[in-house]
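Engineer: Using the sequences and the accompanying hints, generate a full structural model.
If you want the building blocks of each chain, they are given just below.
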Amino acid sequence: MKFTVLQAGRVLFWIHRKTKEGPAEQPCSARNSMRLVRFLAKRLMHAAFVLIGLSILIFLIARVMPGNPARMAMGPRAPQWAIEKLEKQMYLDRPLPIQYFYWFKSAISGDFGDSLVTKRSVSEDIIEYFPASLELAIYAAVFMGIAGVVLGTVSGWFANTWIDNLVRVIAYIGIVTPSFVFAIFFVLIFSYWLELFPTIGRLSSGIDGPPVITGMVTLDALITGNPAAFWDGLKHIFLPAVSLAMGPMAQEARITRSSLADNAGKDFIAAERACGIPERTIMFKYLLKPSLIPTISIYGLDFASLMGNAFLIELIFNWPGLSRYGMNAILQKDLNAVIAAIMVFGVVFVIVNIAIDLAVERLDPRIRFRTGG
Amino acid sequence: MTQPLLAIQGLNVGFKVFEGEMKVLKEVNMTVNAGEKIGLIGEMGCGKTTTMKTIIRLLAEPAANITGGRIMFNGTDTLSMSRGEFQKIRRNSLSMIFEDPTAALNPVYTIGTQVRDAVYAAGNFKSKPTRAEVQARAVRALEEVALPDPERVLNNYPVQLSGGMRQRVCIAMALLSASDLLIADEPDTSLDVTIKDQVLRLLNDLVERKGTSIILVTHSLGAVRKMTDRIYVMYAGSIMETAPTNMFFTEPLHPYSRVLVASAPRLTGRGIGEGIAGRIPDYINPPAGCRFSPRCELAVDECIHHRPEMREIRPDHFVACPQVDPVVA
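Here the protein sequences come in this chain order: A and B.
Each step along the first sequence adds one to the number in the working numbering, with nothing skipped, and position 336 is 336.
For the working numbering, count along the second sequence from 1 and bump the result up by 1000.
If you're looking for bench data, these hints aren't it; they were derived computationally from the structure.
Some clues are possibly wrong.
To be verified - Taking lysine-lysine pairs in the DSBU-like style, the calculated list, with each CA pair at most 35 Å apart, reads:
(1) A/Lys266 to B/Lys1226
(2) A/Lys289 to B/Lys1016
(3) A/Lys266 to B/Lys1196
(4) B/Lys1053 to B/Lys1196
(5) A/Lys289 to B/Lys1128
(6) A/Lys285 to B/Lys1053
Predicted model only: the values in this text are computed from it and were never measured.
Structural biologist: Given below as structure tokens:
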């Protein structure tokens, strides 16, 4: 495994060098795909450095925290010799760089050690909890994207009218209210009073869960063709996803609104109007696309942070997610689990950012043609 | 005389701002005949662009406020037209070129997308046109403005073109929907010296060939002198003087016009002109009389308290200044 990671790095570097000079006589599409490959290779290399940096930082923080991991693992009544033996096993008697080296060696083969709390391998825990977090984040992101863009667009089109003011008030409320407050309100209104949605968990007890394929209940239900479970899963995920997404949704709406209103005053919109291009085309095409670019950049950051910030929502809705797992690990000084959970969030963050940069690069030729990268 | 193509009569435009209302345009009168080439000169911030944007209804409402006057275009008052009716005029008869071609092209769409949409809007298609038809017209539009390799330019994004090429694209797009009148708002200002002349000459050739009227707003007196038939001088939102171009440059009569012409730097090297002391008046509390009076060397009491009337000093040469004596022809 270690070998393959190194090899992958070498391949990336080779691709990056090979794609440097695209011959001018090549057809446009070939040059475009070359650029894409080069871009990806470069970004993946950057990502590797970022993740290594993150791991060093988290590892050091975890090691300098007070408390002996071996002592905590064995419990207060364990004899001294047993603790010393475990310390040796965990390389805790070696200098920090050596410790990190051993950690890194097993981490790249997917072994993050054992959790003190669940007494299982941390990797197993993550495989169990991560899909639930991802599923929650995806639904939250879908809501955040659609609602944020629609609200922001309507607000921007009707800038400085009562519609705009209403949306802006909603957006402020969304931004200043913590997600758990939304969660409590929503549970109270929609679950308790209106009885539209279930309160906690991922599935009702009467429903047979689909077999675990991806670990995401609604997706598994779809794959196995189980509409009842899909519908039930959807109802369960609705409230947590919406309460989680309210804050960033308001952020998207505000950014979309302001960049729409800003672009609406630009000369190119005036020029298009002067050419007699229909107002509908201008609004939906020429005004919307340039205005969505900043929204998409922020969207990526928000999506990645949705996962990490979900612990209160996961707690309220009893959602078996990684964010709650990580929080518990921090509270109980379960260091291996803390490091692993943070690394997973780091990987998600890096991947989402590459995807968003790629999307923005596709949308904005100013970036595509100015950076030769 | 036949009816003029465009007649602006007593146009007043204000902008609501925090401090009150800026009364920018005051009693602007302007006439453009079919096929005529008009130059509009005056210093920065004196309402040239506002006038142009009012003609084509591109003012940023609701801040901008047309408080009086009429704009007759081909005999109908455009200010009382509905949006839909005016859209027809924008699609066929009237268009505008902007100062900065970089800002006037949508950065995230290819030139082709934008030109094809303009082709489609300009219409004159009997039935729904095929892609190829629209593309062919787009190519022809770019050929007209002497862009080399139009097919390639259509596939490019604005950032891939030079400033001069962008302005040519803007001209091509505007000309598609300007069969009667083209408003060119400082089309040369943001271009390199070497490109300026090329673009202006191109513009001149095109409007001459098509018989389109043009209003050329510019700071370049040389360009106005070469290109236009008639000149309007604007100061602080009012027309100060209008005359046929030759007559104007032989002898500008309004005190403002005289200093304006004298301020232009000359290549023959008599140094840099003196300029005019002072600056454009505050539009929220503009001078009651002549708006140039605070800076005018010839100003008397009458100028400060009474708005000067436009008087025909010479045949076809109008000046809004009581201090200018009629020239006996």
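Engineer: What are the numbers of the hints the structure violates, in ascending order?
Structural biologist: none
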